[in-house]
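Fit chains F and V to the supplied structure of chain E, relying on the hints for placement.
Chains as they are written, first to last, in this note's numbering: chain E, 5 to 241; chain F, 5 to 254; chain V, 7 to 248.
Careful, some of the hints might be misleading.
Unchecked claim - Straight-line distance between alpha carbons at most 25 Å, and here's what the computed DSS-like set of lysine-lysine pairs gives:
| id | chain 1 | residue 1 | chain 2 | residue 2 |
| --- | --- | --- | --- | --- |
| 1 | V | K148 | V | K229 |
| 2 | V | K148 | V | K53 |
| 3 | F | K84 | F | K43 |
| 4 | E | K26 | F | K143 |
| 5 | V | K229 | V | K240 |
| 6 | E | K36 | F | K143 |
As the list claims (entries may be wrong) - With beta-carbon atoms standing in for the labels, derived distance ranges:
| id | chain 1 | residue 1 | chain 2 | residue 2 | range |
| --- | --- | --- | --- | --- | --- |
| 7 | V | W130 | F | R147 | 55 to 61 Å |
| 8 | F | E205 | E | E93 | 54 to 60 Å |
| 9 | V | R89 | E | L51 | 48 to 54 Å |
| 10 | V | P22 | E | E89 | 49 to 55 Å |
What the hints assert, rightly or not - To spell it out: a stretch of chain V is covered by chain E in this simulated footprint if at least three of its residues, at any positions, have a beta carbon under 8 Å from a beta carbon of chain E; those stretches are:
| id | region |
| --- | --- |
| 11 | 145-153 |
| 12 | 171-179 |
Source of the hints: derived by calculation from the structure; they are not laboratory data. Ideal placement from N, C-alpha and C gives every residue a C-beta, glycine not left out.
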Amino acid sequence: MSVRQEIAGFVSILRDSWIVAKKDLRVELRSKEILLTTAYFGFLVVLVFSFSFFYGDAPLHAVAAGILWVAVAFAGTLGLGRVFEREREGDCIRALLLTPIARPALFLGKALGVFVFMLVVEAVVVPALFFFFNLAITAERAGMLALVLLLGTIGYSVIGTLLASMLLRAQTKDVLLTIVLYPFILPLLILGVKATAALFDLTGELGVFSECVRLLVAFDVVFLVASLWTFEPILVD
Amino acid sequence: MAPIQSEVDFDRVEALGVSKIYERHRALSNVDLRLERGKTTALLGPNGAGKTTLLWLFSTLSRPTSGEVRFGDLPLKRNKEARGKIGLLSHASLTYGDLSGLENVAFFARLYGCRFPDREAEQLLQEFGLEDAMRRPVKTYSRGMLQRLGLARAWVGRPTLLLLDEPFTGLDRASTMVVIDRIRALQRQGTMTLMVSHDLEITAELADEALVLVRGRTAGRLTGPLKPDTLRTAYREMVETLIAKRGRTE
Amino acid sequence: MPNAKEELFDTSRGLPVPWTLTGLSALVGILFPICIALVFFYAPLEKEMGYVQKIFYFHVPAAWIMLISAPVMAYSSIAFLWRRTDNWDRLNDAAVELAILFGVLVLISGPLWGRKAWGVYWVWDVRLTSSLVLVLTLVACKIVRAYAGPSAKQISAGLSVLAVCNAVFVYVSVDIWRGTHPEKVVNKSGGLAPGMRLAFWMCVLTFILGYVVMLWTRVRAGKLRTALDRLHMKAIEAGLED
Numbered sequence: 005m006s007v008r009q010e011i012a013g014f015v016s017i018l019r020d021s022w023i024v025a026k027k028d029l030r031v032e033l034r035s036k037e038i039l040l041t042t043a044y045f046g047f048l049v050v051l052v053f054s055f056s057f058f059y060g061d062a063p064l065h066a067v068a069a070g071i072l073w074v075a076v077a078f079a080g081t082l083g084l085g086r087v088f089e090r091e092r093e094g095d096c097i098r099a100l101l102l103t104p105i106a107r108p109a110l111f112l113g114k115a116l117g118v119f120v121f122m123l124v125v126e127a128v129v130v131p132a133l134f135f136f137f138n139l140a141i142t143a144e145r146a147g148m149l150a151l152v153l154l155l156g157t158i159g160y161s162v163i164g165t166l167l168a169s170m171l172l173r174a175q176t177k178d179v180l181l182t183i184v185l186y187p188f189i190l191p192l193l194i195l196g197v198k199a200t201a202a203l204f205d206l207t208g209e210l211g212v213f214s215e216c217v218r219l220l221v222a223f224d225v226v227f228l229v230a231s232l233w234t235f236e237p238i239l240v241d
Numbered sequence: 005m006a007p008i009q010s011e012v013d014f015d016r017v018e019a020l021g022v023s024k025i026y027e028r029h030r031a032l033s034n035v036d037l038r039l040e041r042g043k044t045t046a047l048l049g050p051n052g053a054g055k056t057t058l059l060w061l062f063s064t065l066s067r068p069t070s071g072e073v074r075f076g077d078l079p080l081k082r083n084k085e086a087r088g089k090i091g092l093l094s095h096a097s098l099t100y101g102d103l104s105g106l107e108n109v110a111f112f113a114r115l116y117g118c119r120f121p122d123r124e125a126e127q128l129l130q131e132f133g134l135e136d137a138m139r140r141p142v143k144t145y146s147r148g149m150l151q152r153l154g155l156a157r158a159w160v161g162r163p164t165l166l167l168l169d170e171p172f173t174g175l176d177r178a179s180t181m182v183v184i185d186r187i188r189a190l191q192r193q194g195t196m197t198l199m200v201s202h203d204l205e206i207t208a209e210l211a212d213e214a215l216v217l218v219r220g221r222t223a224g225r226l227t228g229p230l231k232p233d234t235l236r237t238a239y240r241e242m243v244e245t246l247i248a249k250r251g252r253t254e
Numbered sequence: 007m008p009n010a011k012e013e014l015f016d017t018s019r020g021l022p023v024p025w026t027l028t029g030l031s032a033l034v035g036i037l038f039p040i041c042i043a044l045v046f047f048y049a050p051l052e053k054e055m056g057y058v059q060k061i062f063y064f065h066v067p068a069a070w071i072m073l074i075s076a077p078v079m080a081y082s083s084i085a086f087l088w089r090r091t092d093n094w095d096r097l098n099d100a101a102v103e104l105a106i107l108f109g110v111l112v113l114i115s116g117p118l119w120g121r122k123a124w125g126v127y128w129v130w131d132v133r134l135t136s137s138l139v140l141v142l143t144l145v146a147c148k149i150v151r152a153y154a155g156p157s158a159k160q161i162s163a164g165l166s167v168l169a170v171c172n173a174v175f176v177y178v179s180v181d182i183w184r185g186t187h188p189e190k191v192v193n194k195s196g197g198l199a200p201g202m203r204l205a206f207w208m209c210v211l212t213f214i215l216g217y218v219v220m221l222w223t224r225v226r227a228g229k230l231r232t233a234l235d236r237l238h239m240k241a242i243e244a245g246l247e248d
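Only chain E is shown next, with the shape it has when bound in the complex:
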């Protein structure tokens, strides 16, 4: 295959995945069901954990980073389940699979949709966390926090999309998804929490942060490639 064809193929994959993601976002804008429920759930998780970690009259700052990532992970699972349930209602997934678009485009499209949903959830969870924990942050560190969240969310939506599409036809997929997903996102959580904790500790050094970010990037790349490679055979029986 010539280089030009390769490029054309790559461009059309990006274009098709954007069409798929845009469809997911449009459906969501109509019903608003996933965003409202998951963002509200994320908010509740932050609240519940804040109560659990009250010490004296203020919650412990040290746990804020952990709570942030737990809230994101929990809310993400909720959203993932729904995003794929929508494809199953009305058997739309079959219609999608019959379209001539390349499988990686379908995968990227779904992952992109999940990614955007999770960013919205984070936009609710992070302010809630800062509010309840009386956290302060510099502008520079806020940008770094955004970077970590972005990297973590990319990895999460890639793995989540892969596993959710694997379990699309399983009977008890909601339960299965959670028990299969969490072991796989553990490194993400560890790295995310560690990097975030370093950011929240305003007196601390940021050496750990950059190390975590490098690993997160590596994690995202490895799992994105592995997912694109294993997605193709998954949906054909």
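Okay, now just chains F and V, sitting in the frame of chain E:
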């Protein structure tokens, strides 16, 4: 991986000795079937006969355990490229309830690489008699409208092979007739159709030939113009003799 | 689903046991009691740890087996996804199951060791943590294999590759997460007394041979299972059974 070229086309689809095995259950056993342009083939048989399994083998989304499905002269390895030329109408709507009919069809038109997806969708919906409802969310559609929408959606890729998986269940007589008329019109344009239906009357109306399956095996073939009553007696004979034969061996 | 095209074996004659497998099994059968004798009666008693130190002779070989099974899983699953031959899938399934088995051994014996050595059952040691996560992800593989439907084989093959990648990432990230590097188990007892050394290496040898025997047997069991499925199907078709 390049997108699938739309040049892929075929004038016949053949299943050659296909079997499909799930764990310890053989859903299909050595079945041959040939589909040709302009012809409609029906799959008949009692529940669990393997009709839907066979239909799915023709969709490329499921692969036979042994035997092969050939799309014209396309090499087996490139079978999946034929999927852009396969339309599917099933008992499920295959559309998103929160989107309007127009948005649904336009979405699929985009994925099929249509240059003016919105205009194309509008034309298709008008053609299938949905112009008044096309801006309403699909979840407000009646069953008959849904099936017409489904047909418009299936027609987006100008399929050479149209698969009908029990599309008439829960459809009243009037809507059924409308959908049948549409399918007939598509047939005249040279589509080959493979249908699964419980309803012998609809089958007789639509199909040119039928393959009767019992327990994953070919029980018989019916050709020539199919009439409801002759179809019914022939079908009954085939199924009953096969079941009777099984009864004796047991 | 069994691959009908695959050449199996003559089911009327059964699947013969090769002499190498018989010999290996016998060898493991002989070596294992010798190992136990060496560990408990030959190797000297460690001063600080006492009898608990004997865990070491089983914990470390089990952990090494886990390490060995990672490339076996990765290789077999990639080979399966590439070639789509059922034997690679059987090997992959066997390797996953054995990695879970030995992983559980590691996870039981590790804390017992830790209780005596550090006073706590669980430390977030990189090795222990990544073993735990590897076992969890492999359990996920088995679950998916059981419930994912028709393409379960491909999916669990893909997942086992991901599981290995994941374990590597856990290994690296726990290192950062902990901040301090806890003392590595093997380094601590680095200076093995000569008596201990013999017992230890005998255990390692026996574990590896045992692993090979189990892997082999499990692959054969998978083959027999396919053959049984086919016979069952033939029986259904002949009208003997439903």
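Okay, the hints, checked on the actual structure:
no. : hint                        : verdict
1   : V/K148 - V/K229             : holds, 18 Å
2   : V/K148 - V/K53              : violated, 42 Å
3   : F/K84 - F/K43               : holds, 23 Å
4   : E/K26 - F/K143              : holds, 20 Å
5   : V/K229 - V/K240             : holds, 17 Å
6   : E/K36 - F/K143              : holds, 15 Å
7   : V/W130 - F/R147: 55 to 61 Å : holds, 58 Å
8   : F/E205 - E/E93: 54 to 60 Å  : violated, 30 Å
9   : V/R89 - E/L51: 48 to 54 Å   : holds, 52 Å
10  : V/P22 - E/E89: 49 to 55 Å   : holds, 50 Å
11  : 145-153                     : holds (count 5)
12  : 171-179                     : holds (count 6)
Of the numbered hints given earlier, the model fails hints 2, 8; all others are met.
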